[in-house]
Amino acid sequence: MFDVIFVVLMKLRKPRITATIWSSGKVICTGATSEEEAKFGARRLARSLQKLGFQVIFTDFKVVNVLAVCNMPFEIRLPEFTKNNRPHASYEPELHPAVCYRIKSLRATLQIFSTGSITVTGPNVKAVASAVEQIYPFVLLCLSCV
Amino acid sequence: MIIHGLDVLPRVTCPNHPDSILVEDYRAGDMICSECGLVVGDRVIDVGSEWRTFSNDKATKDPSRVGDTQNPLLSDGDLSTMIGKGTGAASFDEFGNSKYQNRRTMSSSDRAMMNAFKEITNMADRINLPRNIVDRTNNLFKQVYEQKSLKGRSNDAIASACLYIACRQEGVPRTFKEICAVSRISKKEIGRCFKLILKALETSVDLITTGDFMSRFCSNLGLPKQVQMAATHIARKAVELDLVPGRSPISVAAAAIYMASQASSEKRTQKEIGDIAGVADVTIRQSYRLIYPRAPDLFPADFKFDTPVDKLPQLMYKVLILGLRVVELEDMEMEHNCWKAAYIPRVSVKFLACQPTLQSGWPVVIRKCGNGTYFSVNKQQRLYSLLTQQELLVPAMKDSGAHSHKQFLYLPGCGDGSNCAAHR
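Quick mapping for you: the protein sequence lines, in order, are chains A and B. According to UniProt numbering, the residues represented by the first sequence are 1 to 146, in order. According to UniProt numbering, the residues represented by the second sequence are 1 to 424, in order.
Keep in mind the hints are simulated off the structure, nothing from the lab. Predicted, not measured: the structure shown is a model, and the values here were computed from it. Check each hint, because a few of them may be wrong.
What the hints assert, rightly or not - Straight-line alpha carbon distances no greater than 20 Å define the calculated EDC-like cross-link-like pairs of lysine to aspartate or glutamate that follow:
# : chain 1 : residue 1 : chain 2 : residue 2
1 : B       : LYS187    : A       : GLU92
2 : A       : LYS83     : B       : GLU240
3 : B       : LYS195    : A       : GLU92
4 : B       : LYS267    : B       : ASP306
5 : B       : LYS225    : B       : ASP206
6 : B       : LYS199    : A       : GLU92
7 : B       : LYS199    : A       : GLU94
8 : B       : LYS177    : A       : GLU92
9 : B       : LYS187    : A       : GLU94
Just chain A, same shape as in the assembly (with noise of 0.2 Å):
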């Protein structure tokens, strides 16, 4: 766990992102809503540390993590999509009240809520994108019809 004293936070208005600066000079930035807007919205911010003075070089820029949320337009059944997909989905009512399902190969997590709306967290863009396609089929099936 990383000291969090040593940490600023630093908000740009234009691509709306939130970075987190470290004194080792790593910086991680959050809030963008596409790889290139992340892109430059990191560059900005190294412009605008080189105007302060610091000695900055933009190396390593790399995109970590993409969450993304969609929308089914019907309800899902959770208790029958664990039971059909028993090693990948995890479901615990008392704790969240999302299934869990990780899809090891693009290494994604999916949060499947029971009205239908799903959150995904992949390495990037692509994954997510298919995550949601590969799920899909198995969604469709445990569907609640009210």
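Keeping the supplied structure of chain A fixed, place chain B upon it in accordance with the hints.
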């Protein structure tokens, strides 16, 4: 004569069946033929205990010359030597302390594990768990401990999580809150360890159902068997009909118990049920509101009602819906069927009575539960289409005397609402 190891030792065999396998009987020290039952070997070592010890005997008088029972599955074997209390004068040095101290290091490698086992036994004792669950927990803990994948976590947290898993695996799950009550670890940490252990041991557990908790909660509340069976039936039916999507089974069970107890002569308040089940009384209220509309279908066929179904407590706000703006008014008396008719899942469409009473023809407002927030335009449109499609509400007539800039929805069946009072 040269003796070559074990080959020359006489083998005990049954005289009638030389090929049969001999079964060892530990307690009597015999070797018995498995075919005919003849006792072949005698004078084999008996591993039973030498003396019987009772709990009312004085502690100093234990004549047993061997140690405690071995726990070979769990610790690394308990074969340590202990030095007995000295009796003569020579065993004490100048100051009066005994010369040879006892219990230097019993089993250093597994000291932490033995501590954890003690803690597990204590926790299980507090909620009266049977021995088989405790044994299972100990086994799980040993597996996790040897794997070392959760080494950084507190041992108590791992022990609590193992206890939770053992209860689940034995088919008698305990809620996280119940385990929390007997452990010093927070629910969050137990939950985290639980997930990590499942991953480390590569096992999975069955989903919890509402029926698992019924007998415990009902007997803690002192409810008779009929009420318990009714509550089990209600909860099961509610889950089958999918009236409570996304609600924890504990909350549904609590709401079912509330409904069953309110319908019988043994009524319990939401607070009492909430205390026993570990759910907040607002949670019970929320789940109850979801199952209430279908109450007649949920009760078992042979249930004797002390309070009939229509007299069950309603617990709804009954918000008066005025066009698309939210208006909340207090206290309710509402036509039973129009309220029932407007049940739409997840939207919390609540109908409030406009003073003094709501009747057909009065306008209705769609509101989000809790605070008086406005719905966004999209949502309003969606709700409007939902309500009119299902023909629960009909759009207002043009000249009904209502404000022209508001869209009013009326309950079907009665006129044009021209006789409704002005609204805030």
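(message) Which constraints among the numbered hints does this structure fail? Numbers only, ascending.
(response) Structure breaks hint 5 only.
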